[in-house]
Amino acid sequence: MADQSVHDRIQQEISDNDVTVYMKGTPTFPQCGFSAAVVQVLNHLGVTYHGVNVLEDPGLREGIKEFSSWPTIPQLYVKGEFLGGCDIVREMFQTGELQDTLQQKGIEVQNAA
Amino acid sequence: MEFAQRIDRQLRQTFEIERLDVVDDSAKHAGHSGAHPLGETHFRLVVVSLDFEGVGRVARQRLVYDALKAEMGERVHALQLSCRTPEEDAKLGV
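In order, the protein sequence lines correspond to chains A and B.
Residue numbers for the first sequence follow UniProt numbering, beginning at 1 and rising by one.
Residue numbers for the second sequence follow UniProt numbering, beginning at 1 and rising by one.
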């Protein structure tokens, strides 16, 4: 089990930011193709988001997997809720579901069509 | 082929499968964390089943990961997943 402080930190982060991405690398320099894909979708939609580099913190890298019971990174959170990983984000973007979901949650989206 | 076959078998036992693609993408991840000299660490799956009807996307993937717990514990490091209902699959067309 990751310690409670990691759990608290994540909870705080996803509450403080409307859109949070836990990823490998940074939004400017993603260090994994799957993380890069999620960032690309968000950038394309002009969504403001907070990127967290899990490679900087081994505790967080494991902790985020426990937090969401999700085995992989990246992970996208919107308004405190886990939305999915790379495959889900890509597929939702493709079908337009991501744009709809973001807008329903009050997140500003450009290029929604 | 061992793990690819196990994944195939396991998913067919768990879900009423309409379509199942199991593609070994391990070569693309050679040298990354989780890579193994014998490969079979990274798979790309398309799982089409009526069992996904009315189930959210996150929940669908959790069902698949749950079904493949043993394989994930041994060698498989990550799955690229597309879990669809037959209707969604027809719409996506890939």
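It is worth saying that the hints were derived from the structure and are not from the lab.
Bear in mind that the values here come from a model prediction, so they are computed numbers and not experimental data.
Each residue gets a CB set at the ideal place from its N, CA and C atoms; glycine is no exception.
Fair warning: there could be bad hints in the mix.
[Claimed, not checked] Restraint ranges, calculated between C-beta atoms of paired labels, are given here:
id: 1; chain 1: A; residue 1: Glu-108; chain 2: B; residue 2: Glu-18; range: 15 to 25 Å
id: 2; chain 1: B; residue 1: Gly-73; chain 2: A; residue 2: Gln-4; range: 31 to 41 Å
id: 3; chain 1: A; residue 1: Ser-69; chain 2: B; residue 2: Arg-9; range: 19 to 29 Å
id: 4; chain 1: B; residue 1: Leu-20; chain 2: A; residue 2: Glu-108; range: 21 to 31 Å
id: 5; chain 1: B; residue 1: Val-94; chain 2: A; residue 2: Asp-8; range: 17 to 27 Å
[Claimed, not checked] Which residues of chain A face chain B? A partial, calculated answer using Cβ under 8 Å:
id: 6; residue: Gly-80
id: 7; residue: Asp-87
id: 8; residue: Glu-91
id: 9; residue: Gly-106
id: 10; residue: Ile-107
[Claimed, not checked] Once the Cα atoms are required to be at most 25 Å apart in a straight line, the calculated DSS-like pairs of lysine-lysine come out as:
id: 11; chain 1: B; residue 1: Lys-91; chain 2: A; residue 2: Lys-24
id: 12; chain 1: B; residue 1: Lys-91; chain 2: A; residue 2: Lys-65
id: 13; chain 1: B; residue 1: Lys-28; chain 2: A; residue 2: Lys-24
id: 14; chain 1: B; residue 1: Lys-69; chain 2: A; residue 2: Lys-105
Results for each hint:
no.	hint	verdict
1	A:Glu-108 / B:Glu-18: 15 to 25 Å	38 Å, violated
2	B:Gly-73 / A:Gln-4: 31 to 41 Å	26 Å, violated
3	A:Ser-69 / B:Arg-9: 19 to 29 Å	25 Å, holds
4	B:Leu-20 / A:Glu-108: 21 to 31 Å	39 Å, violated
5	B:Val-94 / A:Asp-8: 17 to 27 Å	41 Å, violated
6	Gly-80	14 Å, violated
7	Asp-87	5 Å, holds
8	Glu-91	6 Å, holds
9	Gly-106	20 Å, violated
10	Ile-107	18 Å, violated
11	B:Lys-91 / A:Lys-24	32 Å, violated
12	B:Lys-91 / A:Lys-65	32 Å, violated
13	B:Lys-28 / A:Lys-24	17 Å, holds
14	B:Lys-69 / A:Lys-105	33 Å, violated
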